[in-house]
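Trainee: Below, each chain spelled out in residue letters.
Protein chains: 2
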Amino acid sequence: MKLTILGCYAATPRTFTNPTSQVVEFNNSMYLIDCGEGTQVQLRINKIRFSRINQIFISHLHGDHFYGLIGLISSFGLLGRQSDLHIYGPKGIKEIILLQLKLSNSYTQYKLYFHELTSTSSELIFEDDKVQVYTIPLNHRVYTNGFLFVEKQPFKKLNINKLEELNIHFVYYNKIKNGENHTLEDGTIIANEELTFPPKKPFKYAYCSDTMYEESVVPIIKDADVLYHESTFLEQDKPKTIHTKHSTAKEAATIAKMANVKKLILGHYSTRYTDITVFGDEAKTVFDDVLLADDGKTFEF
Amino acid sequence: MKLTILGCYAATPRTFTNPTSQVVEFNNSMYLIDCGEGTQVQLRINKIRFSRINQIFISHLHGDHFYGLIGLISSFGLLGRQSDLHIYGPKGIKEIILLQLKLSNSYTQYKLYFHELTSTSSELIFEDDKVQVYTIPLNHRVYTNGFLFVEKQPFKKLNINKLEELNIHFVYYNKIKNGENHTLEDGTIIANEELTFPPKKPFKYAYCSDTMYEESVVPIIKDADVLYHESTFLEQDKPKTIHTKHSTAKEAATIAKMANVKKLILGHYSTRYTDITVFGDEAKTVFDDVLLADDGKTFEF
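Protein sequence lines correspond, in order, to chains A and B. The first sequence begins at 5 in the numbering used here and counts up one residue at a time. The second sequence begins at 5 in the numbering used here and counts up one residue at a time.
Derived by calculation from the structure, the hints in this document are not laboratory data. There could be a bad hint or two in this list.
Where chains are identical, the list cannot tell them apart; a pair therefore holds if satisfied intra-copy or between any two copies.
Below are the DSSO-like pairs computed for lysine-lysine, each with C-alpha atoms no more than 30 Å apart in a straight line [what the hints assert, rightly or not]:
#1 K244 / K115
#2 K98 / K249
#3 K161 / K204
#4 K95 / K161
#5 K249 / K106
#6 K134 / K204
#7 K244 / K106
#8 K51 / K267
#9 K134 / K254
#10 K249 / K266
#11 K106 / K156
#12 K115 / K95
#13 K301 / K204
#14 K115 / K181
#15 K205 / K249
#16 K95 / K266
#17 K267 / K226
#18 K115 / K249
#19 K106 / K242
Chain A with its partners taken away, still in its complex shape (with noise of 0.2 Å):
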């Protein structure tokens, strides 16, 4: 799974810092989550092809997080984009798109499609060959959800011993891969269990921005292998939390600890601190693994 941060910079863009965009990929296939104004331009250094981009996951229509779509969904049409496009987000998003596209008079010519969010628990929201993608609600101040990539594994890895040991032919072998049971000569059913391993644990991505400190995620990103998580402000300055519904890099590791996940990569600074370091330092001071989000940074795991 790798990782590339577009922008991870809280409010209002800046000569030097991005609003929230991230592309996430596994096994080759691309999705961008967020989409703040400047990613089309942010893809572009950072050379990701436009044509890798087919699924497009808003979080909050926050302008931070969204105002760079319209942009991007245009600029596919200019350069002639044929694929089709899905997104996913709050309810409203496509009345947004829709009326700007309607006034400019320029409809895409390739697909688009939205899908709009209103559930208030978790749900399965997309699935393709590579990776099932499930909601995180939430808790800011309009409905948010986070984004859980669970990676799937197309085939399963053989247990070439057993399969020699009963003679079954390597012609059976795709079949296997792909999970069906076999059948012997003699009739006799082996479940694909027996001729297969047991499959590695799934790869877990959970990105959760933005929210205020928010324990009812801890069970849907449980155990996850790499937590994204805000991490707005520093403890001196939580009272602002409350107000703003975000989080502190504390609280933020303090999520990663009880989910038990692997590794946390924080992001989302407010620009009212300098020097993004001391994020890390107090989310160590919880959580020993994290790491800090920066803008044209890629991650690899």
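Given the coordinates of chain A, assemble chain B onto it according to the supplied hints.
Mentor: Chain B only, in chain A's frame:
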């Protein structure tokens, strides 16, 4: 008059070029024309304080001219703006902005006034002590206006010889500067024109983007000091201007010549051309005084 080009390239924002936006300055008052995606960052890069923008003129509702507006409005709010903001643009602009503010639950604490334009003939839409702004109806794929800025001279220049000859006391000078007639002690009324010099010709800046070749603009922009005219294409690509309703550099120069303007600035270049000097070369075959806009460039007249 000072002009700062924040962006002057057509269609999609790219790593090193920006869609249309520019700041016009008359006697320390600034006016923003168009607001493509990324304009707020370009304002920062060009060190233009957000608080100096109080009027925004949007030519039309194509994304490369207004997708940055909602972000700018939101950032003004996040940064604590208190002063009013006036937006002039095509009908529909209010609905787009208010829908986005509503769905993000982030109405501005400052007052936001929309002045929606629908007229297809030139009209005075704004006036303060520095300028009058008139629309210039253009011919594009959607309803589009250019803008003509006409400098106002708040004070008349006094004819001191004449004032002394008539023994007019200096306590009356301010009123005369403001254009009032003067009454002598014997009751004789002296017309203001006799006590002041004829005003110098007001500086006129005409902004025409986007538009195809359209001669009806000529009487409106007649004798302007500076004309900014789009030149998306070169003559070699003239067929593309028909469907897209854009102009070539030569057509821009032809309008400049017919309108007897003093200087022509070209912009809104299609990114298919790698070197913008070709636009200047083509325009100079028709009109002498051609300047090339470029992102971050300033012009002072």
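Trainee: Hint by hint, where does the structure go against what was stated? Just the numbers, ascending.
Mentor: Violated hints: 4, 9, 11, 14, 15, 16; rest satisfied.
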